[in-house]
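Enquirer: Okay, here's what each chain looks like letter by letter:
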Amino acid sequence: MSEFTYIFRGRKTSGSPEEMQQHFEKWLAWFKDLNAKGHMKDPGHPLEATGKVVSGKRKVVNDGPYAEAKDVIGGYIVVEANDLAHAAELSKGCPILEVGGSVEVRPIQQLKM
Amino acid sequence: MVAVLTRIFGFHNLALAEDVVQDAFCRATEVWPYRGVPENPSAWLMAAARNRALDVLRRERTARTHEPELSRLLQSEWTLAPVVKDMFTEDAINDEQLRMMFCCCHPRLPEDAQVMLVLHILCGFGVHEVANAFVTSYTSVEKRIPRAKKVLAGSKRLFDTGSSAEFSARLPAVQRALYLLFNEGYHGASAESAIRIELCDEAMRLAALLLKHPLGATSATCALSALMCLNKARLTARVDASGKLNSLLDQDRSLWDQSLVAEGLQLLELSAKGSELIEYHIEAAIAAVHATAPSIQETDWDKIVSLYDALMGIRPSPIVALNRAIAIGQRDGAERGLAELRTITDSERLVTYPFYHAAFGEFELRSDRAASACEHFSTALKLSRNPMERQFFERRLSACR
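Same order as they appear, the protein sequences are chains A and G.
Here the working numbering is used: the first residue of the first sequence is 1, the next is one more, and so on.
Here the working numbering is used: the first residue of the second sequence is 114, the next is one more, and so on.
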């Protein structure tokens, strides 16, 4: 088993309260399913759409992120899967895919010192 | 609420769960005087406790529960709020209360400590109220409750109501605790009142939760619930409007709650399914005979005597023997009743029980020996434990003169 981070991009921003609620419940169901099957390593957190970006040697602080809505990182979790293909397969249950978002699946790198 | 919160925080954090509930009540006392009592106060308190629980979980960011599955979901903002919200739905609360009942009836705790915990954690009784309910001192309850909680906190995990083997193994202890709780309300020795309806109501509420559970709705649970319904149905007549205690002999039977009688009879019928026959069945059957009899004369005393015989066979006790002797006296006359009273073994355990002496008094009075009756009622009067009983024996005494 190896560990993979799911980075969620894009989010559902419009819809009636009922639709938002339904969408939210899909997320919960997906998390519970991953958890019940032993894939949830670290349930991470959702992230606010606003923040600051600090960059460069001069440590310039800007309001950010400036990416387009569909590219803004909405949150992350860490899962356990057999391999990258398996992890990608598991990510297909993510409700973000239904609202035009994406899941980036990245193996956690083990640094050798 | 404490039951739900204990699931969230873990049993070793029972105190934290209690603090959270306490906070919710404090908030209410701060807010309600200004903004008025909300339309649905219990929902308001529930929401306040839920928010407080979220605060605590966020601050600590380490879920303390014993269950790794739940703890992971409580660590993340993705799932924290919705999972906690789900735990505060009515069904979930019922489940947790059931679980807590089974936790409280831990085999390492003596029976009375189990009942105390049920009262304290599930019925929200303070130390004072528990002490009152058990006719014991504040300091003794104050010592025993934390000791009992410590035993529970030491258990490695929460009780699993989903495991049928564990559930069935502990079910009799839970039934027993509810039985004791109900009896404490029905014949309790409290200093203020001979009857504590709130204890009976709590026992019935918790028994109803047991009945709703597929594994909990056994023949014995049905019998226990039937017993409670049939006895509770007669409570309104046992104490009249002026707070006067009435014996079965002179109760106004039109005051009996017929819908509870019907419910009890139905449950009794349900309890007959299966081969099990324990004391709850018999006690419920006795209560059913009383509840369906149109008058004391038309009561089937023969049947009651044989039911008491059966009860003596299963669970003999001086109190059962006393009731049996009274029933025999009703059936065969006062002299036979007196003879039976005198043959009770273990009667030394009854000498401080006022109704033991009152039974002698009653039969002596019926045999026209007023002087002897008077003596017995005086003893009963001296032993009476609350104003209701005192008044009752005083009235019997004046009947002798």
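It should be emphasised that the hints constitute simulated quantities derived from the structure, not laboratory data.
Don't be surprised by glycine CBs; every beta carbon is placed ideally from N, CA and C.
Careful, some of the hints might be misleading.
Said to hold, decoys possible - Straight line, CA to CA, 27 Å or less: simulated BS3-like cross-link-like pairs of lysine-lysine:
| id | chain 1 | residue 1 | chain 2 | residue 2 |
| --- | --- | --- | --- | --- |
| 1 | A | LYS12 | A | LYS32 |
| 2 | A | LYS41 | A | LYS59 |
| 3 | A | LYS70 | A | LYS32 |
| 4 | A | LYS12 | G | LYS357 |
| 5 | A | LYS41 | A | LYS92 |
| 6 | A | LYS41 | G | LYS198 |
| 7 | A | LYS37 | G | LYS256 |
| 8 | A | LYS26 | G | LYS198 |
| 9 | A | LYS26 | A | LYS70 |
| 10 | A | LYS70 | A | LYS12 |
| 11 | A | LYS57 | A | LYS12 |
| 12 | A | LYS32 | G | LYS198 |
| 13 | A | LYS92 | A | LYS26 |
| 14 | A | LYS26 | A | LYS12 |
| 15 | A | LYS41 | A | LYS12 |
Unchecked claim - Covered by chain G, per the in silico footprint, the following chain A stretches (three or more residues, Cβ under 8 Å):
| id | segment |
| --- | --- |
| 16 | 21-28 |
| 17 | 44-53 |
| 18 | 82-89 |
Said to hold, decoys possible - Estimated spans, in silico, between C-beta atoms of each pair:
| id | chain 1 | residue 1 | chain 2 | residue 2 | range |
| --- | --- | --- | --- | --- | --- |
| 19 | G | CYS139 | A | HIS23 | 33 to 39 Å |
| 20 | A | GLN110 | G | VAL264 | 27 to 33 Å |
| 21 | G | PRO154 | A | PHE24 | 58 to 64 Å |
| 22 | A | HIS45 | G | PRO154 | 31 to 37 Å |
| 23 | A | HIS45 | G | GLY149 | 36 to 42 Å |
Enquirer: Are the hints correct? Go through all of them and say.
Expert: Checked hints:
For the proposed pair LYS12 (chain A) and LYS32 (chain A), the alpha carbon gap of about 20 Å is at most 27 Å, so the pair holds. Note on LYS41 (chain A) and LYS59 (chain A): the hinted pairing is violated, with a Cα-Cα distance of about 33 Å set against a maximum of 27 Å. At roughly 25 Å between alpha-carbon atoms, LYS70 (chain A) and LYS32 (chain A) fall within 27 Å of each other, so this suggested pair holds. At most 27 Å may separate the alpha-carbon atoms for a hinted pair to count; LYS12 (chain A) and LYS357 (chain G) exceed this at roughly 67 Å.
For the hint pairing LYS41 (chain A) with LYS92 (chain A), the CA-to-CA distance comes to about 17 Å; that is within 27 Å, so the pair holds. Between LYS41 (chain A) and LYS198 (chain G) the alpha-carbon distance is near 23 Å, which keeps this suggested pair within the 27 Å criterion. As the CA atoms of LYS37 (chain A) and LYS256 (chain G) are separated by approximately 44 Å, the hinted pair breaks the 27 Å bound. Proposed proximity of LYS26 (chain A) and LYS198 (chain G) is supported: the alpha carbons are some 15 Å apart, at most 27 Å.
Distance hint between LYS26 (chain A) and LYS70 (chain A) is fulfilled; the C-alpha atoms sit about 19 Å from each other, no more than 27 Å. At roughly 10 Å between alpha-carbon atoms, LYS70 (chain A) and LYS12 (chain A) fall within 27 Å of each other, so this suggested pair holds. For the suggested pair LYS57 (chain A) and LYS12 (chain A), the alpha carbons sit about 35 Å apart, so the restraint of at most 27 Å is broken. Annotation: proposed proximity of LYS32 (chain A) to LYS198 (chain G) holds, straight-line Cα distance about 15 Å (limit 27 Å).
With a CA separation close to 13 Å, the supplied pair LYS92 (chain A) and LYS26 (chain A) stays within the 27 Å bound. The straight-line distance between the Cα atoms of LYS26 (chain A) and LYS12 (chain A) is roughly 12 Å, inside the 27 Å bound, and the hint therefore holds. A threshold of 27 Å between alpha carbons decides the hint, and for LYS41 (chain A) with LYS12 (chain A) the separation of about 25 Å falls inside it, so the pair holds. With 4 residues bearing a CB less than 8 Å from a CB of chain G, the segment 21-28 of chain A meets the requirement of three and the coverage assertion stands.
Requiring three or more residues with a Cβ within less than 8 Å of a Cβ of chain G, the coverage given for the segment 44-53 of chain A holds, as 3 such residues are present. Check result for the segment 82-89 of chain A against chain G: violated, 0 residues qualifying (beta carbon to beta carbon below 8 Å, three or more required). At about 36 Å, the CB distance of CYS139 (chain G) to HIS23 (chain A) agrees with the hint of 33 to 39 Å. Under the hint 27 to 33 Å, the C-beta atoms of GLN110 (chain A) and VAL264 (chain G), about 45 Å apart, miss the expected range.
Distance hint check: the CB atoms of PRO154 (chain G) and PHE24 (chain A) are about 28 Å apart, inconsistent with the given range 58 to 64 Å. The hinted range of 31 to 37 Å is satisfied by HIS45 (chain A) and PRO154 (chain G), whose Cβ atoms lie roughly 34 Å apart. At about 38 Å, the CB distance of HIS45 (chain A) to GLY149 (chain G) agrees with the hint of 36 to 42 Å.
Checked against the numbered hints given earlier, the structure breaks hints 2, 4, 7, 11, 18, 20, 21 and satisfies all the rest.
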